[in-house]
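What follows is the residue order along each chain.
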Amino acid sequence: MNALAEAFDRPSEEGSVEKGPVEIGPVKSSFLGRRRSLLWLALKTGFFTTLTLGFYRFWMKTRMRRWYWSAIRPGGSPLEYTGTPYEKLLGFLIAVVFLAFYLGLVNLVLMFASFALLQTNVLAYLLSFIGVIPFYFYARYRARRFLLARTRWRGIRFGLEPGAWSYALRAFWHSLLTLLTLGLLLPRQTFKLEKFVTDRTYFGTMQMRQNGDWRMLTPALVPFALGVIMSVMTLLVAQFDPSTSRGGRLMAPPLGPLLVFVPLSIYGLVHYRVVTRRILANHKSLGPMSLESNAQPLRVAGYVFGGGFISLAILMVPLLLISLVVGLVTAPELFIRAFGDILSPEAIATIERLADIPRGVLLVVAVVAYLSLQLIYSALHEILVSLPIRRHYMSTLSIKGLGEAHTIAQRPKDEFAEAEGFAEALDVGAAL
Amino acid sequence: MTIIRVGAKPKPFECLARFWDGKTADERIIKLTINERGPTLMLGEYGHWPLKDLRIMRDQAGAGALLLQSAEDAQMRIEIEDPQAQRILRSRCEDLGKRVPFGGLSKLLIAAVAAAASVAVMILFLVPLLADQLAKVLPPEGEKALGDHTLAQVSSMLSENDVLPLRSCQTPDGTAALEEITSRVLGEESLPYPLSVHVLDHPMVNAFALPGGHIVFFNGLLEAAETSDEVAAVFAHELGHVVARDPARIALRSAGSIGILGLLLGDFAGGTAVLWMAERLVQADYSQEAETAADIYASERLNAAKMDPAALGTFFERMLEDHGDADGLVQHFLSHPTFADRIEAAKTAPKPEGMTPALNDEAFAALKAICQVSEDEQEG
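The listed protein sequences derive, respectively, from chains A and B. So the first sequence is numbered by this note's numbering: it starts at 1 and just counts up by one. So the second sequence is numbered by this note's numbering: it starts at 1 and just counts up by one.
What the hints contain is simulated information worked out from the structure, not anything from laboratory work. Any given hint could turn out to be false.
[Unchecked claim] Quick list of in silico lysine-lysine cross-link-like pairs, DSS-like style, CA-CA up to 25 angstroms:
| # | chain 1 | residue 1 | chain 2 | residue 2 |
| --- | --- | --- | --- | --- |
| 1 | B | LYS52 | A | LYS28 |
| 2 | A | LYS400 | B | LYS23 |
| 3 | B | LYS52 | B | LYS98 |
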């Protein structure tokens, strides 16, 4: 409250009604949202989604986004998500109209061609995968455009210029280059694509800019590259070392070094993502405003692996209980054979009676158990991984030049009938 | 309404709030007051909102702040941190939680109809049409591979513990009996691929054909059969489907439909689509013409092999009497509109001269026992 009061008093002290450019230093961002509140929302909406066989997912996604957006406060002011579940549903239906034709015919023809020519379905899966890649990039850009158009900050909408096919083409080309150079040009791909999107991003009337050069991202690749190269080297050395290899066959894989280098390469992936994001953010500008990020890759890796591990560990409790019950009911004789000595005769009789439970009942119970586990896991993942990561990104972000914000005006609404329909249908991982 | 105030006059409502006007990105701190005429929330120099128009933003992360908009103006926002001011507004604005109305219902309905129509046209018309054409030109090796693949899928999808695939039953005598039926019914018929006949350990009374010459009996059907002729008749009927390449058609159809189904269900229940595919193959929903053709084929083959063509009819008739609610193949047979005609047709088919049972009693007993696990095997 004091901060508000101070801010309220400041202009009146100066006695100026006309607001000129005010020099303000970097303003810190924050993430204000409690785990418990998110857990409850995730469980509640997830439950409705399960109950409605997935139909509620449009509402679930909207509500989760509203929550996250309102917790994320760049420069202290919250984001606002203005998308509605109805437009998401509408977008999905529009995507179904087109994709039903595409998926039906393409799958059928590919399956036929694959079995007819190669007597296997591998080709079908491969071609269907490759064929969907440009569409995937297209959908990703469209989804980003929708998301930005439905995000407001300080009352002003974001926006993204049209350009999905152009983006898809570039993304396909850069992926190919990265693949052909064994990943060496990944920083170039990351930078060029980010620049393509950022330079077409608007906050209100103000266009965003991605400055810098792709080479500034190369150091971010070092841990990953080091991990991969050292793992390969270790294996090669062991291959040609007569003490560990016989007749060209590896007898004793060098576990010690591999235990260091394989985790290093896995960490390297997180490192690359966090550090490139940080560098890219630090080279973005929005008119007079710019960002200052200090995101720490080790912290994010801690949330990804530590949080992921804890969610799985917690999940183990209900999972073990359910497995025990399923085992008891489906194969009581095994259980009795294993533990018969330590069980009382009454207990054994009870276990034997379990086998009389009708199959249909068991099936329903199993499905409910499976869906509940899925629900619990995704909620745990939300509060132990997603939330801490977003909180970390926000708490290490400052905005410079906020005093000029009054020069940025509102932009017209971007009507967008298909919403994220295609991205949703193709399951494009919707990050922030 | 008369308001009787007791004690000191309450302090007039006043609090500071963050304000965004939705015109520029400037953030202003304003002083909110309430004008009791209306009553109206006064936003300083930026206007005034009737209290009844105030709307809370839903699903906020909270953090103690209340974010408000006006039902009449979707652009402006105010955020109030002061807990006491929040309490007062919450109690005074009855419609605070009211949803902002949604206007696009007709658009949504049109899209829903279009999506349903698109899916229906694909699944019911285009995919079957194309699948039937493609099945005709699918080379035998390709059909065989497709069949091997679907057999593995079906047997693992139908397994009860979801881990191990269904057991494929084999005993020396039982398998020999099965081969005897196969070669007797098959006779001179030549197929582009070798016929392979399986018995899977499943209690359902069912038998079905898969692409590439696979014919699958569930043990439940063998146990329900009273004579070897009944097994032979069911076999001949399935052979009719194999010869007509009906299963390849069904398999290609489901390959086309499965992507659409996965699309509709989302990643929420992707596995269900696969289950559905297995189900489709087992319940093989052939057209009426295909069924009649398979019946006619069965009748001819049984005749040529000097076996009883009426056995199919008697078998289904008995299933109907015994179970009432039969499942699998029988259920499908029953649901067909011309069921009675088909039993009749099977029964009145001319009996061949010198008719003999498909198997002798000993071989039939061995066939029925094909899925029984002997004691020493169970121990191992």
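Checking against the hints above, which ones are violated? 1
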